[in-house]
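K.L.:
Letter by letter, the chains look like this.
Protein chains: 2
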Amino acid sequence: MPDPTGPAAPPEDPRLPLTGLRVVELGHYIAAPFATRLLADLGAEVIKVEPPEGDPHRDWGARVNGQAVWFSIHGRNKLSVTLDLKSEEGQRRVRALCARADALVENFRPGYLERIGLGPEVLRAENPRLVIARVSGYGQDGPYRDKPAFGAIGEAMGGLRHLTANPGQTDLPPPRCGVSISDDLAGMYAALALVSACWGRDRNAEGPMGGKGTTIDLDLVSSVFSLMEGMLPEYGLLGRIRQPMGAALPSAAPTNTYPCADGKWLAVAGNSDLIYRRLMTRIGRPDLAEDPRMAGNSGRCAHAAELDEAIAAWTRTLPAKEAQDALEAVQVPCSRLYDMRDCVEDPHFQARDMMLAVPDPLVGTDVPHPAAPFRFEGVPPRDMVRWPGPAIGQHNDHVFGTLLGETLKEETT
Amino acid sequence: MPDPTGPAAPPEDPRLPLTGLRVVELGHYIAAPFATRLLADLGAEVIKVEPPEGDPHRDWGARVNGQAVWFSIHGRNKLSVTLDLKSEEGQRRVRALCARADALVENFRPGYLERIGLGPEVLRAENPRLVIARVSGYGQDGPYRDKPAFGAIGEAMGGLRHLTANPGQTDLPPPRCGVSISDDLAGMYAALALVSACWGRDRNAEGPMGGKGTTIDLDLVSSVFSLMEGMLPEYGLLGRIRQPMGAALPSAAPTNTYPCADGKWLAVAGNSDLIYRRLMTRIGRPDLAEDPRMAGNSGRCAHAAELDEAIAAWTRTLPAKEAQDALEAVQVPCSRLYDMRDCVEDPHFQARDMMLAVPDPLVGTDVPHPAAPFRFEGVPPRDMVRWPGPAIGQHNDHVFGTLLGETLKEETT
Numbered sequence: 006m007p008d009p010t011g012p013a014a015p016p017e018d019p020r021l022p023l024t025g026l027r028v029v030e031l032g033h034y035i036a037a038p039f040a041t042r043l044l045a046d047l048g049a050e051v052i053k054v055e056p057p058e059g060d061p062h063r064d065w066g067a068r069v070n071g072q073a074v075w076f077s078i079h080g081r082n083k084l085s086v087t088l089d090l091k092s093e094e095g096q097r098r099v100r101a102l103c104a105r106a107d108a109l110v111e112n113f114r115p116g117y118l119e120r121i122g123l124g125p126e127v128l129r130a131e132n133p134r135l136v137i138a139r140v141s142g143y144g145q146d147g148p149y150r151d152k153p154a155f156g157a158i159g160e161a162m163g164g165l166r167h168l169t170a171n172p173g174q175t176d177l178p179p180p181r182c183g184v185s186i187s188d189d190l191a192g193m194y195a196a197l198a199l200v201s202a203c204w205g206r207d208r209n210a211e212g213p214m215g216g217k218g219t220t221i222d223l224d225l226v227s228s229v230f231s232l233m234e235g236m237l238p239e240y241g242l243l244g245r246i247r248q249p250m251g252a253a254l255p256s257a258a259p260t261n262t263y264p265c266a267d268g269k270w271l272a273v274a275g276n277s278d279l280i281y282r283r284l285m286t287r288i289g290r291p292d293l294a295e296d297p298r299m300a301g302n303s304g305r306c307a308h309a310a311e312l313d314e315a316i317a318a319w320t321r322t323l324p325a326k327e328a329q330d331a332l333e334a335v336q337v338p339c340s341r342l343y344d345m346r347d348c349v350e351d352p353h354f355q356a357r358d359m360m361l362a363v364p365d366p367l368v369g370t371d372v373p374h375p376a377a378p379f380r381f382e383g384v385p386p387r388d389m390v391r392w393p394g395p396a397i398g399q400h401n402d403h404v405f406g407t408l409l410g411e412t413l414k415e416e417t418t
Numbered sequence: 006m007p008d009p010t011g012p013a014a015p016p017e018d019p020r021l022p023l024t025g026l027r028v029v030e031l032g033h034y035i036a037a038p039f040a041t042r043l044l045a046d047l048g049a050e051v052i053k054v055e056p057p058e059g060d061p062h063r064d065w066g067a068r069v070n071g072q073a074v075w076f077s078i079h080g081r082n083k084l085s086v087t088l089d090l091k092s093e094e095g096q097r098r099v100r101a102l103c104a105r106a107d108a109l110v111e112n113f114r115p116g117y118l119e120r121i122g123l124g125p126e127v128l129r130a131e132n133p134r135l136v137i138a139r140v141s142g143y144g145q146d147g148p149y150r151d152k153p154a155f156g157a158i159g160e161a162m163g164g165l166r167h168l169t170a171n172p173g174q175t176d177l178p179p180p181r182c183g184v185s186i187s188d189d190l191a192g193m194y195a196a197l198a199l200v201s202a203c204w205g206r207d208r209n210a211e212g213p214m215g216g217k218g219t220t221i222d223l224d225l226v227s228s229v230f231s232l233m234e235g236m237l238p239e240y241g242l243l244g245r246i247r248q249p250m251g252a253a254l255p256s257a258a259p260t261n262t263y264p265c266a267d268g269k270w271l272a273v274a275g276n277s278d279l280i281y282r283r284l285m286t287r288i289g290r291p292d293l294a295e296d297p298r299m300a301g302n303s304g305r306c307a308h309a310a311e312l313d314e315a316i317a318a319w320t321r322t323l324p325a326k327e328a329q330d331a332l333e334a335v336q337v338p339c340s341r342l343y344d345m346r347d348c349v350e351d352p353h354f355q356a357r358d359m360m361l362a363v364p365d366p367l368v369g370t371d372v373p374h375p376a377a378p379f380r381f382e383g384v385p386p387r388d389m390v391r392w393p394g395p396a397i398g399q400h401n402d403h404v405f406g407t408l409l410g411e412t413l414k415e416e417t418t
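Order-wise, the sequence lines are chains P and W.
Under our numbering, the first residue of the first sequence carries the number 6, and numbering increases by one thereafter.
Under our numbering, the first residue of the second sequence carries the number 6, and numbering increases by one thereafter.
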């Protein structure tokens with residue numbers, strides 16, 4: 006790992022697939038910065054443009070040494086420069102950066118970049134190759150385009166929050182997913198669409214896309230809506246509205262999530278004839294294993310409540326880990342619901358290097374990072390985290406001086 | 006849209022970014038086929054290899070005209086060929102396809118391709134350019150590699166299911182996300198990593214990746230784990246284990262989800278000083294708007310239950326749509342939790358062409374499809390759905406005859 010405090014350009018890693026791809030980020034909070042973090046993990050040179058006070062995301066979550074530790078992950082592998090987008094100098098520098106870049110990712114409100122003179126037409130007039138990915142709550146057009154986007158709208162409007170509930174428990178609201186899922190999905194799609202546009206631009210030089218950039222419109226609502234499986238045609242053709250299913254599946258039994266002695270939960274998929282018999286025998290209910298009412302899945306679905314009760318009566322007597330070990334020993338697929346301690350202590354997570362200790366000079370200690378979710382042959386996961394989230398403006402000298410070739414004034418150093 | 010029943014190759018669309026990228030899919034169920042569906046939406050030529058009886062996913066969910074309608078979406082924009090992977094002829098054809106392809110996506114159990122003589126080394130011996138993306142439950146190595154992967158493990162082990170619950174409601178298990186989220190995430194990452202590897206291969210011809218393919222290892226558990234925000238360092242450095250938050254946020258109030266008169270739910274984000282005052286005034290509680298106990302966010306968090314009660318007392322008197330309209334009129338960010346009917350009836354969804362009517366000869370009628378989640382300048386969303394999920398083996402003649410140049414025998418026609 007290079008010294009992350011130095012002003013020099015961090016070295017490229019030629020083993021990473023996006024080495025040589027330069028991406029400018031005009032992002033804040035989650036969606037656009039998550040897109041560029043994935044690109045940076047893949048080897049792209051990401052230049053994160055921040056206001057002089059930094060991306061407000063830097064203040065989110067728990068702190069160590071005055072630094073929010075999430076940003077150590079969220080900003081990793083990126084260069085940070087500071088600019089005032091409302092100043093002429095700031096705008097000139099954004100144009101200069103985009104003139105030398107493959108792509109731009111932004112998540113301002115629709116229309117903002119145009120208002121400050123940095124719209125796609127302006128930027129592509131100087132660099133026709135520039136790919137621009139725009140991430141927003143509702144998209145770049147349509148009647149809701151200017152509505153304020155708040156974190157939960159993608160989940161709510163895209164159809165996901167309707168599904169995360171226990172059916173019939175109408176006194177309790179459907180819980181959130183627990184993470185910023187709609188931002189994450191939009192960021193993932195933005196990264197995919199951006200790299201695809203760069204591939205098409207660079208490979209198909211003869212076609213209409215050839216050699217030219219394009220503008221991509223990504224929104225949180227569509228990103229969530231794209232995961233609604235067959236629900237749209239099931240409603241459109243059959244009038245069926247998918248309803249929340251809680252932890253069970255209405256079409257297979259027994260498959261549910263059961264309480265354990267230590268207050269944890271165990272998800273069990275016992276819904277094939279053979280697995281069902283092994284499960285019921287193991288929990289001491291051979292009578293149910295052989296019960297003719299339970300001979301097929303439809304019979305078991307009709308008596309799902311009775312089966313769930315029998316299974317829960319057994320799981321309640323054991324800690325979740327022991328119950329899982331006992332069922333896995335007889336080849337019943339199951340998993341307890343991992344909290345972060347379970348993840349950290351799990352031998353598979355450890356063997357796969359899914360948690361990496363990354364020295365972070367801002368935090369003042371090694372920070373545990375999740376490995377990148379994709380692994381490439383011959384590239385150890387720890388080599389994909391080259392440095393942690395940078396200090397605000399840490400790379401001003403390198404980017405403005407070396408890359409843009411400016412004679413540096415005091416304010417940028 | 007071309008005639009999807011014809012044996013000829015569907016025409017390419019040069020406006021789409023991945024036009025010219027050929028991808029072989031040895032996929033079944035969700036994760037790998039979702040990866041290739043995204044690539045196909047982006048213009049790639051995806052050749053889906055199925056057993057003679059078809060991908061078992063074709064049987065999932067509600068049917069019209071004997072066809073499961075989800076597959077109309079899940080298989081769209083792909084070519085279907087049938088092969089018996091256990092036969093010599095089937096294996097020879099997979100090798101011949103991969104010899105002419107940019108990439109392969111597969112989601113068999115780890116080791117299966119090697120056992121049938123189609124491992125990465127064999128395939129890349131014939132085509133060193135081949136990029137191979139392998140999707141599995143736990144990854145290609147590690148102690149759990151051979152455990153059976155079932156749909157819910159990614160959510161459970163990756164840490165997501167622990168978070169989707171109402172806190173303190175330990176009599177009800179944490180609900181599922183409601184969709185195959187871990188498969189979807191792994192598929193999205195597979196698509197991103199694959200296109201990135203192709204870009205690196207084609208662009209950086211000088212580097213170690215130059216001109217050569219690579220093998221990518223994607224697993225459901227890591228894909229979910231990658232979304233756990235700052236939870237890993239918060240546990241590792243501070244010992245804090247993130248707990249489920251239900252529909253509320255512990256750090257901001259009032260922000261929650263409230264019951265309405267029609268049994269639907271309204272998510273409201275009323276947690277800034279100005280928005281809070283507008284919200285409480287609109288619901289007829291100016292006393293709370295001006296209450297000095299509620300003057301800042303920390304005061305409101307301390308009295309969140311009292312505020313939630315006051316807001317719910319108002320939402321319960323109105324249908325969700327009316328409550329939303331009333332709050333939006335005073336600039337309070339909110340959204341009801343959309344079910345599929347809400348999506349279909351929404352003017353923004355309609356204006357953005359988020360639901361497309363796609364003629365499907367197998368289903369015998371137009372099937373409503375969600376548009377691709379990414380939009381490219383100058384490409385209307387409906388042009389990105391070129392044809393619906395194909396019949397089993399619909400493109401055998403084209404692929405084996407025209408592409409592989411075989412003299413076709415009866416069994417493939």
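The set of hints was computed from the structure by calculation and includes no laboratory data.
Predicted model, so just to flag it, every value in this text is computed and none were measured.
A few of these clues could be false.
As the list makes no split between identical chains, a pair holds if one copy fits it or if it spans any two.
[Said to hold, decoys possible] Restricting the straight-line Cα-Cα distance to at most 25 Å, the calculated cross-link-like pairs of lysine-lysine (DSS-like) are:
(1) K326 x K217
(2) K152 x K326
(3) K91 x K152
(4) K269 x K91
(5) K269 x K217
K.L.:
If the cut is 25 Å between Cα atoms, do K152 and K326 qualify within a copy, between copies, both or neither?
P.N.:
between (47 Å within a copy, 16 Å between copies)
K.L.:
What label fits K269 with K217 when the C-alpha limit is 25 Å: within, between, both, or neither?
P.N.:
neither (54 Å within a copy, 47 Å between copies)
K.L.:
How would you label the pair K91, K152 (within, between, both, or neither) given a Cα cut-off of 25 Å?
P.N.:
So K91 and K152 pass the 25 Å test inside one copy only (23 Å; across, 55 Å).
K.L.:
Quick one: K326 to K217, C-alpha cut-off 25 Å, is that within a copy, between copies, both, or neither?
P.N.:
neither (55 Å within a copy, 44 Å between copies)
K.L.:
Taking 25 Å as the upper bound on the Cα-Cα distance, should K269 and K91 be classified as within, between, both, or neither?
P.N.:
neither (51 Å within a copy, 43 Å between copies)
When held up to the earlier numbered hints, the structure conflicts with 1, 4, 5 and fits the remainder.
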